[in-house]
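Student: So the sequences go chain by chain: X and E.
Mapping of the first sequence onto numbering that gives the first Met the number 0: position 115 corresponds to residue 114, and the numbering continues sequentially without gaps.
Mapping of the second sequence onto numbering that gives the first Met the number 0: position 189 corresponds to residue 188, and the numbering continues sequentially without gaps.
Misleading hints may appear alongside valid ones.
Note that identical chains are pooled: a pair holds if it fits in a single copy or bridges any two copies.
[Said to hold, decoys possible] Derived lysine to aspartate or glutamate pairs resembling DMTMM-like cross-links, with alpha carbons at most 25 Å apart: (1) LYS168 <-> ASP145; (2) LYS168 <-> ASP112; (3) LYS132 <-> GLU209; (4) LYS118 <-> ASP145; (5) LYS168 <-> ASP122; (6) LYS52 <-> GLU23; (7) LYS42 <-> GLU199; (8) LYS132 <-> ASP112; (9) LYS168 <-> ASP105; (10) LYS132 <-> ASP166; (11) LYS132 <-> ASP93; (12) LYS52 <-> ASP112; (13) LYS132 <-> GLU23; (14) LYS118 <-> ASP105; (15) LYS52 <-> ASP105; (16) LYS52 <-> ASP169; (17) LYS52 <-> GLU126; (18) LYS132 <-> GLU207; (19) LYS42 <-> ASP166; (20) LYS168 <-> GLU73; (21) LYS42 <-> GLU207; (22) LYS132 <-> GLU73; (23) LYS132 <-> ASP105; (24) LYS118 <-> GLU210.
The hints are simulated quantities; they were obtained by calculation from the structure and are not laboratory data.
There are 2 protein chains.
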Amino acid sequence: MAQQARAIRTRRLLLDAAAAVFGERGYERATIGEILNRAGVTKGALYFHFASKEDLALGVLGAQLLDEPLTPQETKLQELVDQGFLLAHRLQTDSLVRASVALALDSGATGVDRAAPFKAWVDQVAEALTVAKARGEILPHVNVLDTAELFSGAFAGIQTMSQVLCDRKDLTHRVVVLLQHVLPSISTPAVLTGLDMSQERARFLAAEYEEVRQRREEGGPANAEE
Amino acid sequence: MAQQARAIRTRRLLLDAAAAVFGERGYERATIGEILNRAGVTKGALYFHFASKEDLALGVLGAQLLDEPLTPQETKLQELVDQGFLLAHRLQTDSLVRASVALALDSGATGVDRAAPFKAWVDQVAEALTVAKARGEILPHVNVLDTAELFSGAFAGIQTMSQVLCDRKDLTHRVVVLLQHVLPSISTPAVLTGLDMSQERARFLAAEYEEVRQRREEGGPANAEE
């Protein structure tokens, strides 16, 4: 277990270093040597985790997705709401998640598959919406793919705008506004009434997330009940 | 008139050149000399139009806003819809508009006021929504500023996603999807029923816009009836 925890830490060191160097130099001009120096790990350790610079970029891009499933909720739409709030929290607090999104949105980063994170988000949201539709939570006219792409694209834009205007301080509020404008158009009325899209919900989820993360970093199981 | 048309053309040459150099080198490393070379105009002509590199950047950033008012429509919400369709068309066809949006979204472009174009968009949308609210076109609970910021931010994101996934080929469809998801949450039912948010509307507006632009480039008045 200690060894596994060490490997997770080394991987994170490498991703943090790569994210920092990509952010400063741009992806194209970043070198493996500089990332190694920054991370303070051996070449062997790097190649154990990542085969190439592009592989490092994919690792950074992947950091914006949650690596643990969300706590299941009564409705799939609530889980979708929760996912939006959690991403906002992680963008506000985790420099690796910020670097990940910046890399995906950096039009200068040719040679990186910037479509991959968009597709991963769309897939994740579309999966949730498909279940929601099968359960009758969303209205029959909703085109799952269109709505999933709208959520992913709109979220990318509001977080950029929030970053540019106020360093993401108001991001949670902007997510609330997005949800309040879009969910009434897709949710059945009964489900809509039960959805919690409030700032309080966002705060609760952030606290829960930080607790789980801390437990995991201390080397224990992610979920104490398991 | 011929002299004025020439000045407009020189300004456009300079903006196109600046946009191209910013796009290739990044704003920070671009030089006035390179922009001059690319534009093929004299230093005097450049400084007649722009005081500095930053001034050129502001010119490029400003190119995403329409420099002519839209044709007035029966409702302000229809004008807002039209504005979205026209921006999509201009992003698809005008490299300067693309460069303008890319510069606003380029997190590496420190030293440029990237907040300015976001604020300009929010102001423009908020103005339209304020009139719409006064006319009873939108629901009383709508917070004009929140909704204006949502439209601007979400649009920025869906156009980035469309660019990354398919070089903006599906942008008009994505704008239709955005409008269909957001307008039912803000519009009064009677106005909503009358809104044209179709691809056909987008095509009609694009054709009208190109006609006016062509007339103007030929040096005549923008609107033949005036």
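Student: Take the hints in turn and mark each one as holding or not.
Tutor: Each hint tested on the structure:
| no. | hint | result |
| --- | --- | --- |
| 1 | LYS168 <-> ASP145 | between (29 Å within a copy, 15 Å between copies) |
| 2 | LYS168 <-> ASP112 | between (29 Å within a copy, 18 Å between copies) |
| 3 | LYS132 <-> GLU209 | neither (31 Å within a copy, 42 Å between copies) |
| 4 | LYS118 <-> ASP145 | within (13 Å within a copy, 28 Å between copies) |
| 5 | LYS168 <-> ASP122 | between (28 Å within a copy, 20 Å between copies) |
| 6 | LYS52 <-> GLU23 | both (15 Å within a copy, 22 Å between copies) |
| 7 | LYS42 <-> GLU199 | neither (45 Å within a copy, 57 Å between copies) |
| 8 | LYS132 <-> ASP112 | neither (31 Å within a copy, 43 Å between copies) |
| 9 | LYS168 <-> ASP105 | both (21 Å within a copy, 19 Å between copies) |
| 10 | LYS132 <-> ASP166 | neither (36 Å within a copy, 30 Å between copies) |
| 11 | LYS132 <-> ASP93 | neither (33 Å within a copy, 39 Å between copies) |
| 12 | LYS52 <-> ASP112 | within (12 Å within a copy, 32 Å between copies) |
| 13 | LYS132 <-> GLU23 | neither (43 Å within a copy, 45 Å between copies) |
| 14 | LYS118 <-> ASP105 | both (16 Å within a copy, 21 Å between copies) |
| 15 | LYS52 <-> ASP105 | both (16 Å within a copy, 22 Å between copies) |
| 16 | LYS52 <-> ASP169 | neither (34 Å within a copy, 31 Å between copies) |
| 17 | LYS52 <-> GLU126 | neither (31 Å within a copy, 47 Å between copies) |
| 18 | LYS132 <-> GLU207 | neither (28 Å within a copy, 40 Å between copies) |
| 19 | LYS42 <-> ASP166 | neither (35 Å within a copy, 38 Å between copies) |
| 20 | LYS168 <-> GLU73 | neither (30 Å within a copy, 38 Å between copies) |
| 21 | LYS42 <-> GLU207 | neither (36 Å within a copy, 60 Å between copies) |
| 22 | LYS132 <-> GLU73 | within (14 Å within a copy, 36 Å between copies) |
| 23 | LYS132 <-> ASP105 | neither (34 Å within a copy, 37 Å between copies) |
| 24 | LYS118 <-> GLU210 | neither (29 Å within a copy, 37 Å between copies) |
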